[in-house]
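J.: Chain order of the listed sequences is A and B. Quick note: the first sequence uses our numbering, first residue 1, plus one each step. Quick note: the second sequence uses our numbering, first residue 1001, plus one each step.
Some clues are possibly wrong.
Capping the alpha-carbon separation at 27 Å, the derived lysine-lysine pairs in DSS-like fashion look like this [to be verified]:
id, chain 1, residue 1, chain 2, residue 2
1, A, Lys40, A, Lys26
2, A, Lys516, B, Lys1338
3, A, Lys84, B, Lys1276
4, B, Lys1084, A, Lys516
5, B, Lys1502, B, Lys1522
6, B, Lys1030, B, Lys1276
7, B, Lys1150, B, Lys1026
8, B, Lys1626, A, Lys150
9, B, Lys1392, B, Lys1522
10, A, Lys40, A, Lys202
11, A, Lys472, B, Lys1040
12, B, Lys1276, A, Lys462
13, B, Lys1030, B, Lys1057
14, A, Lys150, B, Lys1040
15, A, Lys539, A, Lys462
16, A, Lys615, B, Lys1084
17, B, Lys1040, A, Lys589
18, B, Lys1472, A, Lys84
19, B, Lys1150, A, Lys276
20, B, Lys1589, A, Lys571
21, B, Lys1438, A, Lys150
22, A, Lys350, A, Lys416
23, B, Lys1522, A, Lys84
24, A, Lys472, A, Lys571
Bear in mind the hints are in silico, worked out from the structure with no lab data behind them.
Protein chains: 2
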Amino acid sequence: MSQQTSAIDCFNMKTDYQRTFRLDAKSSQKVLYVQGTTLKANLRRSAPPNSTFFSVKCTPNVQYSIDPPTQVTSHLSPITLDGKSVLLITMSSASQHENDSKLTVRYYGQNKDVLSNAILHLTALEISLDVDADRDGVVEKNNPNKGSWKWGPDGHGAVLLVNCDSERRYGKKLDTEVDYIAKLSDLRDMSEMVLRTRGPAKLPDGYKLTMHISQSDAESIRVYSPRPHSYSNFLPGVSSGFTRVLTSRVLSGQVPYLGGVAETSFYVEGLRFPDKDFDGLITINLSLLEPICRGLPETPIFTDTVVFRVAPWIMTPNTLRPVEVFVCSTSDNYGFLKGMKNLVLNSGYKLNICHEYMNRGDRWMQDELEFGYIEAPHQRFPVVLDSPRDGKLLDFPYSELLGPDFGYVTRMALRKDVSSLDSFGNLEVSPPVTVNGKEYPLGRIIIGVAFPTTTKGRNMTKVVQDFLWAQKVQEPIALFSDWLVVGHVDEFMTFVPAPDRKGFRLLLASPDAGYKLFRGLKNNGHGQAKLFEGRNDQKPITVDEILEDEGFQAENNYVQSCIDWNRDVLKRELGLDDADIIDLPILFKLEQDTDYEFRAVAFYPDMVNMIVLGKSLGIPKPFGPKVNGRCALEAEMCSLMEGLGLTCTFIDDFASYHRLLGEVHCGSNVRREGFDFKWWNLDM
Amino acid sequence: MSQQTSAIDCFNMKTDYQRTFRLDAKSSQKVLYVQGTTLKANLRRSAPPNSTFFSVKCTPNVQYSIDPPTQVTSHLSPITLDGKSVLLITMSSASQHENDSKLTVRYYGQNKDVLSNAILHLTALEISLDVDADRDGVVEKNNPNKGSWKWGPDGHGAVLLVNCDSERRYGKKLDTEVDYIAKLSDLRDMSEMVLRTRGPAKLPDGYKLTMHISQSDAESIRVYSPRPHSYSNFLPGVSSGFTRVLTSRVLSGQVPYLGGVAETSFYVEGLRFPDKDFDGLITINLSLLEPICRGLPETPIFTDTVVFRVAPWIMTPNTLRPVEVFVCSTSDNYGFLKGMKNLVLNSGYKLNICHEYMNRGDRWMQDELEFGYIEAPHQRFPVVLDSPRDGKLLDFPYSELLGPDFGYVTRMALRKDVSSLDSFGNLEVSPPVTVNGKEYPLGRIIIGVAFPTTTKGRNMTKVVQDFLWAQKVQEPIALFSDWLVVGHVDEFMTFVPAPDRKGFRLLLASPDAGYKLFRGLKNNGHGQAKLFEGRNDQKPITVDEILEDEGFQAENNYVQSCIDWNRDVLKRELGLDDADIIDLPILFKLEQDTDYEFRAVAFYPDMVNMIVLGKSLGIPKPFGPKVNGRCALEAEMCSLMEGLGLTCTFIDDFASYHRLLGEVHCGSNVRREGFDFKWWNLDM
């Protein structure tokens, strides 16, 4: 993939790069050499006038060659000085002492009389800024690919996390909002970078090492290092053990040269997720500066460069193992809560109840937040994406979820740009798929929007869409969900695990399947069976009455066409066959909403709006017509699911959720384990 | 290359995409079919209860198949109705009349008794939104690749120009600032897009065609179309012949369906160049909308999509043929002007003089602007990039250059962010090069900045750097130029054409080459020859005096090390050998500037700061020491250049430019022809 590099990348000197330097035939020079480079001098340029021959001799640690090549018979036998003769110098190992190596160029006149000597006193240094470019969790030495980033199993390039958790549970702040290291544990959320040096005890006078970043990158990272002298006295919770090397205001900073064989650790902290204006790539440079004199800028004579990519935020599909389930407790949802408790605890997962002091009556746990995670080779933790919906649950993600190794991210939108489609019941993710040979091993994000052909409809707000697209690793699909009053994709679709085919099925609400079931009931003599029987909050209706209502049929035909439209997109974008899709018998009705537009709501509890916990499904109890004492809708649902080895538990959400236009899924949320697949192994 | 597509791309239905529709076994349906798609109906879904068999018959224009395939013996022999049976329908040509084709599905019971008929009255349409996706200047019909963009000679995708010229010479505005078509000639700067339709005289009731774009893309284009009825009455200069179909505020608009075999032209106008936040790609969609009923949104049942890329701004290196030369006339530059006139007119090019009422004494024609061009297969014109420098020449680019087929672009920076490095003597471009196998057939942009290792230095302002990088086709190289008082790359480097090797030489200022020449003079007995001899505005100095001044030698050693640093970068980034580089004998001196930093200026007129007009070079007259009546610096320069077949003309710029810290190049500008190479043929 192509990537924009910043202008200053041209300053980078890579391994084996040549550095031109000036030979001085009049006095001896001290020259600092860095392992992996080649010093290059034009022999003619500084030769005394009338020089005709030259010879070179050097101490054992120094190697040289002449370009264009000449026949060198012995070190001291003079060579004809060509106008283009160039001397190339390398050194085989780092110096133990300053100026411990030497090279002399001797110039001769026509009669091989010595005209002058150019003497170099050489010091060799080894300098390597190192990162975990091979992504194994260990900072290896001088990876040849550390200066670039490549996706895929044969790729390379280090990974950076946005330090979006909070080391503190109380009085907490995002760690990115704090520009010091509050606790040692925070280092685990950063990427280690090691400066490895080898050479004499100190750098020659005036030379120094500087770490530097571009102005653009400075907005996205901080770099810390332990204070060398106080490190041993470091106490957890005390920040003074670390210094900020680079921040958004400090783009370049000197770093110590420790002498001998030394390693200095740095900790790189990511501050922002990839977004529309940030591709996630960060370049950090380390330069060796040569002094010139007072009033002149020091010259970088060697630059080592490393590249990081900020880890994307990754969503977790229904097929991943649940870790914990979240629901709200309200004054009126005791029955629902009891049903959920049974389901979750029987399935062996943890249930978290958000109590009323926090939810203030907002029961839509699905809508306020989306669970995901971020991952680097050395660390992974969950990150909650807080919706700009901001109902009364708005404080929950920050106040209750953010904590040590539990990250938080949000996108701010103007109040006027936020609609019901910004609730995260409208943000789902598919299981892994392959589409026309293209693999999506982390699945694809699914959101709902209005048809782009109209400017009237509601949409998911642009800042959230931009964020989702910029993560790149779960390329989003936009469905048409604005036909629903609430407008969430989870009102007509979900995914369940399956033992065969692609490892999952797409479940779609289907009025056609509903009508087919009801017509079958009627044909089998159950036309008088009643939906909603025994409920005192909903007038019962017979199968016959439903089938006779032509207007209702027309409304459902429209709903079916909307779902079919999405079905076509999903088949195309997820590479699905009809056999990968199961139609669930669900009817809708149209209501004129506040815009005077007709939009759909589920006619009876919307069974597709379920919670998926491994092989256990928690499904809104549909209150369908009973045949031989058993709800025909539940029976059909069970029959469709049991072939996949899934167990259906029907949960009564009628009064406390369904009548408020949501169901089980809208009222719950599941944090799941991350993928085994590492996002950096994607072929992009 | 990877590209971010916008969320709504998922709505695109491509050729051969299937559309699910509902068969109605109870009443006949009217169905609109679009060529290239497949209609798909689940036969079981709407079958009457107890259906066991079915049969299909249709009129000749209709083709169908059953999936999974069955043994069809005759049209009327009933087939067993499988639970998964799907009917796939295509039509071979567009309809002449509404509902002129028909397909019937008949359902049978167990005893092959007819249960019901689902009757489809079909109308076929051909719809194609077309662009010049094969880049030959002609809008071909339904290019299969029109919906994506690919670089390279085997690439595809249409090209859009930023309409940054001004059709009017007087009272002018950028055409992009005017949201109507002022003159018919303006259409040439836009890209034609054709809607081709074939079908009955009108669309069935309620259907309509809509063109639509995303909110992001709407900032970057407008779409116009001729008003159908007034088109024949169209008068040049009258805007009313065209309507705006899409603008930044109108993201979707209905377009007429003309009936029969019809073509409607649209004109797409680019509004912004690629930049940090805009990759240059634009998607335009055309959808066919199906009515549902009042209060329900129409459903897009077919969408055709085209993609454009906005043409980048391209710079022209010295090796391209000059068209016209620009210089300023000031109260004190008569001699310079005379020299330039002779050079330019003798070389056969046009000379444009910017007079004092416009330049107000600002003579730095190089610094205020950079000439470039933009190109599409159907149109190419020059575009001036106006520098944020904004000296007294600031009005010249807009007032004097902008005009019909002469475009203008600028980037606004805060006053405090603009430095001398923002003058475009600091913005150059190399001839075409190949670097480690990577081709740059349009060369590479070269700018000068400070070392990134310091935060003190001056830089080219970020908005201009971002713009240059975003053009992509001449990937920039950043050199170190902050060591100079003025800080422009043209103070130490230029390119001249050459008949051999890579087709050019890089010329570099070289104090070492200067000292070598002066030492040679001294050795040959010319130590008393004087620089600046006969000038009354500069004290003469002998060769001996220069060679004896050790401080001056040290300053020049430093300058040489700065240039060598850049030489290493240029060799690496342009793939040059030493033989591609010529060192010119030029000395510098250091001065303490307003920052109390020592920076360099040319000691005598800086010969590398030349104007290159084909094989004629206009070089600052150096006023070097004379040997046998001839300036030794001029002689050396001529000798170095004549091997390349280049002629040197020395122009006296001493008083009016050199002493003001500029030279011939700084005081002139050259508009050149564009490359023969088309930028879209780059392999990116």
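J.: List, from low to high, the hint numbers that the structure doesn't satisfy.
T.: The structure conflicts with hints 2, 3, 5, 6, 7, 8, 9, 11, 14, 15, 18, 20 and 22, although it agrees with all the remaining ones.
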